[in-house]
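Respectively, the protein sequence lines represent chains A and B. Anchor point for the first sequence: position 57 equals 57 in this note's numbering, and the numbering is continuous, going up by one each time. Anchor point for the second sequence: position 337 equals 915 in this note's numbering, and the numbering is continuous, going up by one each time.
Just so you know, not all the hints are guaranteed correct.
Listed below are the simulated DMTMM-like cross-link pairs for lysine to aspartate or glutamate, each with C-alpha atoms no more than 25 Å apart in a straight line [unchecked claim]:
(1) A:135 x B:953
(2) B:785 x A:166
(3) A:136 x B:603
(4) A:136 x B:939
(5) A:64 x B:955
(6) B:773 x A:8
(7) B:910 x A:181
(8) B:766 x A:189
(9) B:785 x A:48
(10) B:785 x A:189
(11) B:773 x A:24
(12) A:135 x B:955
(13) A:104 x B:953
(14) B:773 x A:76
(15) B:615 x B:603
(16) B:890 x A:61
(17) A:135 x B:939
(18) A:486 x B:764
(19) B:917 x A:181
(20) B:917 x A:96
(21) B:952 x A:89
(22) B:917 x A:152
(23) B:948 x A:96
(24) B:766 x A:181
The set of hints was computed from the structure by calculation and includes no laboratory data.
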Amino acid sequence: MAISKAIEQVTINIDGIELNVPRDLTVLEAAKQAGISIPTLCYHPDQDVKGVCRICVIQVEGAKTLQTSCTLKVSEGMNIRTNTPLIREVRKTNLELILARHPKDCLECARNLNCELQELANTFGIREISFPHLKKNLLEDYSTPSIVREPDKCILCRRCVYTCNEVQGVGLLQPINRGSETIIGTPYELPLSDLACALCGQCIHACPVGAITENSHIDRVWQALSSPDKHVVVQTAPAVRVSIGEEFNLAPGSIVTGQLVAGLRRLGFTKVFDTDFTADLTIVEEGSELIERITGSKTLPLITSCSPGWIKFIEHYYPEFLPHLSSCKSPQQMFGALAKSYYAEKTGLDPKDIYVVSVMPCTAKKFEADRPEMNDSGYQDVDAVLTTRELGQMLRASGIDLKKLPEENYDLPLGISTGAGAIFGATGGVMEAALRTAYELITTEELAELEFKDVRGLEGIKEADVQIGELTIKLAVAHSLGNARKLLDAMKQGLADYHFIEIMACPGGCIGGGGQPIPTTNEIRAERIKAIYEVDRNMPIRKSHENPVVKELYKEYLGKPLGEKSHHLLHTSYTARF
Amino acid sequence: MIDSPLALRNITRNIDKIDPESIEEYLKTDGYEALKKTLTMKPKEIVSIIRDSGLRGRGGAGYPTGLKWYFAANTQSDAKYVICNADEGEPGTFKDRILMEGDPFSLIEALTIAGYAIGSNKGYIYIRDEYRLSIRRLQNAIEKAQQSGYLGLNILGSGFDFDLEISIGAGSYVCGEETALFESLEGKRGEPRIKPPYPTESGLFGKPTVINNVETLVNIPLIVNRGADWFKEIGTECSPGTKIFTLSGDVARPGAIELPLGTTLRELIYEVAGGISSEEKLKMIQLGGAAGHCLSPDYLDISLDFDSLAVKGLSLGSGAILVLDESRSIIKTAYSLAKFFCHESCGQCTPCREGTLQQKEILGRILSKKSSEKDLELLERLSVSMVQTSLCPLGQTASLGISSAIKHFKEEFLSYSERGI
Ligand SMILES: Cc1cc2nc3c(=O)[nH]c(=O)nc-3n(C[C@H](O)[C@H](O)[C@H](O)COP(=O)(O)O)c2cc1C
Ligand code: SF4
Ligand code: SF4
Ligand code: SF4
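Work out the full structure, taking the sequences as your base and the hints as a guide.
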């Protein structure tokens, strides 16, 4: 069918290069195929085009003015120039115009050396800004434990607007005012703490500059590490081991578990433990809860509760569904509670001397650790939460190059985990881990095929029916809050008769969390997910209920799943928020 | 309206002549004859007449109206819209208000014909909030037309349904830009969209839409009644018909007047408007509103029609003409233009949002004599970027008044900057 193929292709000329490209490409994409990279700023590969920064302009023969290559589709015979004196001049002018409103404090910025604006200024060889520097002097927002907004740095690209509205379905970030007074702000310009923000941090990934960042815990962790009377332990979330390599320029999807452990030891943590361990514990508790709810005809579907951005979202927007949430704390919080109870008892330490640090792919985890009810050990269970990025920063500041470290093992006992705990880091992972356990608990038979492919991958909402003995369990998995909203709206209309739903606030699950290395794009998410499943495949044990330390924990300390002690330490309740 | 022997009274024929609130009086002056004729013809034939007439948009861009209708008529869709752009935000322009206050039925008849021609059953008049009397008169006219069977279901027994709704503007200049107007009508922030797609393909609510200026539309019933050939007799070959010009500034008789296209600036200023109002000489003419060029008296003999102006890189805009005498400061004029655009930019795209701010800043610096010659280069650099890379025509034209003022009155700018150093 050569003819139909010919219809789909058009011939264009870019900078003298003849090219056959599909008709639905933009000039920007076509140029890329010709090896020409046109500079952009408001463009984001995972978003609809906005066409507002006007940096990617090009000349099309016959057009009166320059055109934006991100918005313009190719057409037959199109003759394009991407590098003329006029193009160079206006791109530079537009960039200088942005810089003339931007604070010149790169040296004090979290995005120093990882900033698209800085990179462009370097690419264009900006040595002076010709236009008067007109600072904005807007209010900064440090109101939440998770997110910091510095609107003076904002270059009005609207990428965060897209993310918060279209991806997360929250819609707090909006352009307000007009003309040169335009800002990207919140309703009534309220601080995020007064708004129904999930604190997911996805807007951080959208931002090309340092206008949105995390609320840093680096200082308090340094302080703890240098306090002689503190026993500082650290836990690492499943998703961090497949992403922190990127902080050291390794390719996305590099698995650096052993180096991560070694690096943390060198920073001075007394014990390096693994959140994967409490992920396994979560599965045993939550799997038992699922069975209890199904057999006891209690509230169904059961919905997972380990993503704190998701929890905050449902508390704000769908409080009527709170009874559906699993009462299990997230693995981070289970870890904190056990570190200051079980582990303290076992080691004879006074829990008040134990300082628990988490390394998380997430900004909402900072909020979760701060929740007033998270003190079942008698103390705030988790004392500090570092994002993957912050840990990268601390390691670099200490002269530790992760790439060059030997591989070391996690400490006993809270460092022992299974493949099921690892896959918590990817969308569908909690579901898959729970199925591996629920199947064996219900049927008491060994599960032949461990991998539930239907719940894997980047599709927004995944559904499956799984046969467990007599039971057909109907499942759904959603990632991103926009997809969560869709699923819950369907539930509201009575269109969703699931037994079990997994929801993660961030696209791709925790590997795509708001605390992950920048950039985090869908392409990079896919690489990290691949790595997570490789971690699982390489684990000697791949089912949570077979984790020997989990078994020991029940025997020595907790009694049984959903027992009284579990209830006290590992379960929680939720609060409807305005 | 200015009285002048040069004036024509075609589209303004009913102004001050009939009671604008009475459909009976409208009917007595050939009112609704064009619609009746239209309903006996095929939509295609109406589109052909408008195309043959050579009518071009009076809202600023001068785009051929018949072609716009043709594209919309030929786009298949479950819904299409016709919109009258009555936002009239251009400073010094009030021609649409005169037409709507004085002859609202003509506009409503025109929109109904447009609906029939392109296959639309629903029209909107997007009108600025300040035009209270126009809104009242249009509302009254719509109701009377509905009561008399000229609007609504099965118009005059033809089987054609069409209705109109008035939508009050969001109060900003940029909402007069057609795609920002759609956004505003849809209840969103009034920001221009990226084109393509063009409105005839995807306009209001993503449906094929014809949007025309008030003045463009009121030509329609006349053309349908009297024929394309009659229309082409008036004006110039490529710019047939009349145009309402609104004169302001230092002329003896400011105001609005309907003249054939192709009238010269000299005729307009000296014959129609009675020349300069003071003892001073003519200094500057700004042609086409805030986005128009600031010209020196050397341009007096230019013919005011779309093509003669385009050849010189000029534009008629909405037909607003500002005349200043020698007592006026060009720098102050340029500064007030800069202020206007800085206030009116929607803020979406870099060159316009930041460029209009910098224009204001730099001209302010020049005005307070704190600048150097380099500032003129900076303004020129801004202008190139704004013209070449702004997302919508607002930004593309927001520097033209200033850059043309610098071009034609460079000495004055230089005298300021020299004294400043
Ligand atoms: C900033 C801006 C403001 C505009 N304001 C108006 C207006 O108030 N009225 C109008 O008819 N057209 C206005 N236009 C032009 C419209 O975008 C559009 O071209 C016009 O309504 C088409 O009608 P026409 O073809 O009949 O002229 C404006 C354009 C721009 C860029
Ligand atoms: S943290 Fe999430 S919900 Fe909050 S503003 Fe950013 S994207 Fe929106
Ligand atoms: S905060 Fe960042 S992402 Fe949002 S508009 Fe500003 S620069 Fe863009
Ligand atoms: S040119 Fe100006 S008005 Fe038009 S889209 Fe850009 S900022 Fe808005």
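Outcome of the hint check:
1. A:135 x B:953: holds, 20 Å
2. B:785 x A:166: Between residue 785 of chain B and residue 166 of chain A the Cα gap is close to 22 Å, so the pair holds against 25 Å.
3. A:136 x B:603: violated, 58 Å
4. A:136 x B:939: holds, 14 Å
5. A:64 x B:955: Holds - the C-alpha atoms of residue 955 of chain B and residue 64 of chain A are around 23 Å apart, at most 25 Å.
6. B:773 x A:8: Distance of about 23 Å is within 25 Å: holds.
7. B:910 x A:181: Distance ~23 Å between residue 910 of chain B and residue 181 of chain A Cα, so the pair holds.
8. B:766 x A:189: Holds, at about 19 Å.
9. B:785 x A:48: Given that 25 Å is the threshold and the Cα spacing comes to 20 Å, the pair holds.
10. B:785 x A:189: Given pair residue 785 of chain B, residue 189 of chain A is violated - Cα atoms ~34 Å apart, limit 25 Å.
11. B:773 x A:24: holds, 16 Å
12. A:135 x B:955: Holds, at roughly 22 Å.
13. A:104 x B:953: Distance of about 22 Å is within 25 Å: holds.
14. B:773 x A:76: At roughly 18 Å apart (the allowed maximum being 25 Å), residue 76 of chain A and residue 773 of chain B satisfy the hint.
15. B:615 x B:603: holds, 19 Å
16. B:890 x A:61: Holds - the C-alpha atoms of residue 61 of chain A and residue 890 of chain B are around 21 Å apart, at most 25 Å.
17. A:135 x B:939: Roughly 13 Å between the alpha carbons, so the hint for residue 135 of chain A and residue 939 of chain B holds.
18. A:486 x B:764: Cα-Cα ~24 Å, so holds.
19. B:917 x A:181: Answer holds: residue 917 of chain B to residue 181 of chain A is near 13 Å, not above 25 Å.
20. B:917 x A:96: holds, 21 Å
21. B:952 x A:89: Cα-Cα ~17 Å, so holds.
22. B:917 x A:152: holds, 23 Å
23. B:948 x A:96: Measuring from Cα to Cα gives roughly 22 Å; hence the hint holds.
24. B:766 x A:181: holds, 18 Å
Of the numbered hints stated above, those contradicted by the structure are hints 3 and 10, listed in ascending order.
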